[in-house]
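From just these sequences and the hints, can you work out the full model?
Letter by letter, the chains look like this.
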Amino acid sequence: MRRRLPAVVSVPGVAGVLVVLPFILSSYHTFLAAEVGVFFVAVLGLNILTGYTGQISIGHGAFMAIGGYTTAVMSRDHHTNLILTILVAFAICFVVGLLFGLPALRLSGAYLALATFALAISVPQLPLQWSRYLGGSGGVQSPETKGNVWIYGAAWSVSAVLFLLAWLILRGRVGRAFRAVRDSEIAAVASGVEIGVYKTLAFGISAAYCGAAGALFVIASNGFAQPDQFNVALSLQLLIGAAVAGLGSLWGILAGAAFVGLLPNISPSVPIIGSEQGRDVVYGLLVVLVMLVLPGGLAGLPARLRSLRRGLNRKSKPVKLRGSSSQ
Amino acid sequence: MERLKTADVGQVAIAVVLLAGAIALLVCSLGSTKFATSTVAGVALGLVYGSLALALVLIYQATHVINFAQGELAMFTTYIAYQLIQWGLSYWEAFFATLAIAFLLGTVLQVAVIRPVQHRSVIATVIVTVGLFILIDGVVNWIWGGSFRSLPSPFGIASYDVGGVPIEHLWVWQAGVVLAGLAGVWALFRFTKLGLAMRAAALRPASAALAGVRVEVMLAIGWGLAALLGAVAGLMTEPSQYFLDQAFMQPILVYAFAAAALGGLESPAGAVVGGIAIGVLQTLMVGYVPQITSELQLPLAFALILAVLLVKPNGLFGRRQVQRV
Amino acid sequence: MSALLELEDVEARYGPIHALHGISLAVEEGTIVAVLGPNGAGKTTTLRAVSGTVRRSGRIVFAGRALGRTGPDGAARLGIAHVPEGRGTFSELTVWENLRLGAYTRRGSIKSDVERVLTYFPWLSDRRRQQAGTLSGGEQQMLALARAFVQRPKLLLLDEPSLGLAPVLVSEIFRIVRELNDKEGLSVLVVEQNAHLALQAAQSGYVIEAGKIVLSGTSAELQADDAIRASYLGY
Numbered sequence: 001m002r003r004r005l006p007a008v009v010s011v012p013g014v015a016g017v018l019v020v021l022p023f024i025l026s027s028y029h030t031f032l033a034a035e036v037g038v039f040f041v042a043v044l045g046l047n048i049l050t051g052y053t054g055q056i057s058i059g060h061g062a063f064m065a066i067g068g069y070t071t072a073v074m075s076r077d078h079h080t081n082l083i084l085t086i087l088v089a090f091a092i093c094f095v096v097g098l099l100f101g102l103p104a105l106r107l108s109g110a111y112l113a114l115a116t117f118a119l120a121i122s123v124p125q126l127p128l129q130w131s132r133y134l135g136g137s138g139g140v141q142s143p144e145t146k147g148n149v150w151i152y153g154a155a156w157s158v159s160a161v162l163f164l165l166a167w168l169i170l171r172g173r174v175g176r177a178f179r180a181v182r183d184s185e186i187a188a189v190a191s192g193v194e195i196g197v198y199k200t201l202a203f204g205i206s207a208a209y210c211g212a213a214g215a216l217f218v219i220a221s222n223g224f225a226q227p228d229q230f231n232v233a234l235s236l237q238l239l240i241g242a243a244v245a246g247l248g249s250l251w252g253i254l255a256g257a258a259f260v261g262l263l264p265n266i267s268p269s270v271p272i273i274g275s276e277q278g279r280d281v282v283y284g285l286l287v288v289l290v291m292l293v294l295p296g297g298l299a300g301l302p303a304r305l306r307s308l309r310r311g312l313n314r315k316s317k318p319v320k321l322r323g324s325s326s327q
Numbered sequence: 328m329e330r331l332k333t334a335d336v337g338q339v340a341i342a343v344v345l346l347a348g349a350i351a352l353l354v355c356s357l358g359s360t361k362f363a364t365s366t367v368a369g370v371a372l373g374l375v376y377g378s379l380a381l382a383l384v385l386i387y388q389a390t391h392v393i394n395f396a397q398g399e400l401a402m403f404t405t406y407i408a409y410q411l412i413q414w415g416l417s418y419w420e421a422f423f424a425t426l427a428i429a430f431l432l433g434t435v436l437q438v439a440v441i442r443p444v445q446h447r448s449v450i451a452t453v454i455v456t457v458g459l460f461i462l463i464d465g466v467v468n469w470i471w472g473g474s475f476r477s478l479p480s481p482f483g484i485a486s487y488d489v490g491g492v493p494i495e496h497l498w499v500w501q502a503g504v505v506l507a508g509l510a511g512v513w514a515l516f517r518f519t520k521l522g523l524a525m526r527a528a529a530l531r532p533a534s535a536a537l538a539g540v541r542v543e544v545m546l547a548i549g550w551g552l553a554a555l556l557g558a559v560a561g562l563m564t565e566p567s568q569y570f571l572d573q574a575f576m577q578p579i580l581v582y583a584f585a586a587a588a589l590g591g592l593e594s595p596a597g598a599v600v601g602g603i604a605i606g607v608l609q610t611l612m613v614g615y616v617p618q619i620t621s622e623l624q625l626p627l628a629f630a631l632i633l634a635v636l637l638v639k640p641n642g643l644f645g646r647r648q649v650q651r652v
Numbered sequence: 653m654s655a656l657l658e659l660e661d662v663e664a665r666y667g668p669i670h671a672l673h674g675i676s677l678a679v680e681e682g683t684i685v686a687v688l689g690p691n692g693a694g695k696t697t698t699l700r701a702v703s704g705t706v707r708r709s710g711r712i713v714f715a716g717r718a719l720g721r722t723g724p725d726g727a728a729r730l731g732i733a734h735v736p737e738g739r740g741t742f743s744e745l746t747v748w749e750n751l752r753l754g755a756y757t758r759r760g761s762i763k764s765d766v767e768r769v770l771t772y773f774p775w776l777s778d779r780r781r782q783q784a785g786t787l788s789g790g791e792q793q794m795l796a797l798a799r800a801f802v803q804r805p806k807l808l809l810l811d812e813p814s815l816g817l818a819p820v821l822v823s824e825i826f827r828i829v830r831e832l833n834d835k836e837g838l839s840v841l842v843v844e845q846n847a848h849l850a851l852q853a854a855q856s857g858y859v860i861e862a863g864k865i866v867l868s869g870t871s872a873e874l875q876a877d878d879a880i881r882a883s884y885l886g887y
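Chains as they are written, first to last, in the numbering used here: chain A, 1 to 327; chain B, 328 to 652; chain C, 653 to 887.
For the record, the hints were derived by calculation from the structure and aren't laboratory data. Treat the numbers as computed from the prediction; the structure is a model and nothing was measured. Heads up, the beta-carbon is just placed ideally off N, CA and C, and yes, glycines get one too. Hints should not be assumed to be uniformly reliable.
To be verified - Stretch-level coverage of chain A by chain B, calculated; a stretch enters the list once three of its residues show a Cβ under 8 Å from a Cβ in chain B:
hint	segment
1	104 to 111
2	116 to 125
Claimed, not checked - Coverage of chain B stretches by chain C, computed from C-beta distances (three or more under 8 Å per stretch; other residues unrestricted):
hint	segment
3	428 to 438
4	532 to 539
Said to hold, decoys possible - Here are the simulated DSS-like cross-link-like pairs (lysine-lysine), alpha carbons at most 27 Å apart as the crow flies:
hint	chain 1	residue 1	chain 2	residue 2
5	C	Lys763	C	Lys835
6	C	Lys864	C	Lys835
7	C	Lys864	B	Lys520
8	C	Lys763	B	Lys639
9	C	Lys835	C	Lys806
10	C	Lys864	C	Lys806
Here it is in structure tokens:
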């Protein structure tokens, strides 16, 4: 495996910082940090799908929508404990993810991406159609609202639990199977890996994670769930986060979550970058630049730096016959 | 005889269904003026979708990447046309100048931004196009944001009368210009050496290189061409809007995605046919099923696509991709 | 007189795998040279090194010109035609389009070139509009050869022409190659598993094992060599 700070050091280190942060940061900044936590869960989930099994999804915002509405509706109708709603959102989205993943097996590459795009567009329309129950464009308001510190705590606790869960899942057989699917479907099939099972499982798991993230998202939005919050832009943000994160490291996912959680929210008081027009330009530029310089995402940064230092740039490039344009 | 043996039975079935659909449209149009008007409007709209869808397919065929920025690029070039007109050019001067600028922009983007990353990872390339989407949006907002603007349309609002059926000038122009563009691209690919080289570079880059084709240059030209088709789509969509608004190409892009998926990402003809199908379905729905609000149209279009993909995972005209082990 | 193609200490890698460890060989103008050796020895890689399909180091001189970092399209323009393993025909294009592509590097009218090619492959003119992918394996191999010849190259690099073909077709292909060499003066560097056929057609040959040249000589010498006879000729 990569030589990096052993988990023994990095995980507690991060955990320690997270515990201390709310005491240092202002209320607003605590809220931002909580948002990063929400994205952490979502990006972690999407990373399992994209990074590990190589399936591209532009639709996981839909699962966040389902999770978010679950929380809002359960809280509104049954006054359910908010933490419990997160669990329910997780479970529901797991099932929905499996249900989507199954027929999605027939689709490959770009077609799958477009199918998930269809999801991202369609699901937010559902509340508008079933407006009596799901609030229409007015949204659903949960009667419970929580303070920023509570939200921060909830977000990062859930993040910690789900990170541990992901670690447990990925280090074992399942993780190996996922990676086999990504690296070479043909070889995986030939070695007896039941591709369909694992691909569908990956969908279910990633959906569940995004469901939990969606629940947290709504909690963070003063308990308010509205179709506009879960538009296509959200799904694209998640994909950007997962790609920027790269594969295989805690830091990468943290960085990816911070990238999509913080950058679009840069304070307007910052000159140029913060202005309404400048913000998009800079953000877009950064996304392009990060991918150009680090196609493996921020997780690949240490390896990239190392190889740059050694000056053997060529070795890290994949083998490619000249004249061919794409792998 | 050999040719017939290898033709897919499925392809024949699809052709038959499409033909039946076209005949049904014709018959209904002859019966009802309203139907005829809707159909013509739908075909014109569908051709615009098809133009953008073709741009997507061209890029997908060459680089196996879905270009998320295609719509915003088209929007950007439309704003450029607006600006050129502000600076004194006539509509048609601006039109052709914009096409040239779009072509240039496309090639520059491929060389500067796509080429460095396309070899390394598909997802990275896709994210780059997403980043471009955001970037272009920001740039347009920066340069032109704020005030209301509108692009003067040379087509007017008059209608022709064809046997009692009112056909707006606009539709004729939309269809005509897009068809001219499509015909040009088709002729390029079918008859010219350059077109053949581009096809070869997309099909088998390694073999094309061995024949002396500069594959990377072909890809850049492909992107330029796609940007040009997008510019046509943008300029032909704009007259239907009252104001020039940054987001106007976004729904078009979504329908173009749907059209490309419907027709099959590997099939240029499929993209155009898919576009027309979606355009006609859309206008007919608006005319006859008013319960379907404009917000619902999009998800419905995609529900349709998903249904088709379940049966034909590579789109209506897509080829089964046989993977060489 | 210097050879048409000269390789001096050429090395090539596929990422971390070192495939060629210093290959030196020469192809005299107007001759057919065979490259023999077991699977995975580096025969295909040698051809790829010449056409620039794989990154190489060392010295390669073609028609008096050092090929520095020329890639495959550059090599084609200089007059090297490479028919790769597996033929590389464009299955989705028609026979005619495949041939037209062969003429990509030629300026001006290609009519006479195509006529010439059709004299060697007369059956091709009936199949112009046929999709190349629907041709049989042997026909595709001949189409690939025809396409390479339309290029009017000085040097033909031929990789495993017999692969997957019935013996009758293979003999036919080698007959055509010999004819092209004889009548048109085409120089050929052919990689071939079928040592017998290769040495019958060629004037000289090299044997590569594990990325190095282990033996070279005229085809008569090679055919008489005991080691060759045992390992490659089967008698």
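Here's how the hints hold up against the structure:
1. For the segment 104 to 111 of chain A, the stated coverage by chain B holds: 6 residues have a C-beta nearer than 8 Å to a C-beta of that chain, and at least 3 were required.
2. Counting residues of the segment 116 to 125 of chain A whose CB falls under 8 Å from any CB of chain B gives 5; the rule of at least 3 is met.
3. Here's how the segment 428 to 438 of chain B fares: 0 of its residues keep a CB closer than 8 Å to some CB of chain C, so the rule of at least three is not met and the hint is violated.
4. Counting residues of the segment 532 to 539 of chain B whose C-beta sits closer than 8 Å to any C-beta of chain C gives 7, which meets the bar of three, so the coverage hint holds.
5. Taking the CA atoms of Lys763/C and Lys835/C, the gap is about 19 Å. The hint holds against a cut of 27 Å.
6. A hinted pair counts as satisfied when its Cα atoms are at most 27 Å apart, and Lys864/C with Lys835/C does not qualify at roughly 33 Å.
7. For the hint linking Lys864/C to Lys520/B, the alpha-carbon distance of about 41 Å lies beyond 27 Å, and the restraint is violated.
8. For the hint pairing Lys763/C with Lys639/B, the CA-to-CA distance comes to about 43 Å; that exceeds 27 Å, so the pair is violated.
9. A threshold of 27 Å between alpha carbons decides the hint, and for Lys835/C with Lys806/C the separation of about 13 Å falls inside it, so the pair holds.
10. Among the hinted pairs, Lys864/C with Lys806/C is consistent with the structure: their alpha-carbon atoms are about 26 Å apart, no more than 27 Å.
Of the numbered hints given earlier, the model fails hints 3, 6, 7, 8; all others are met.
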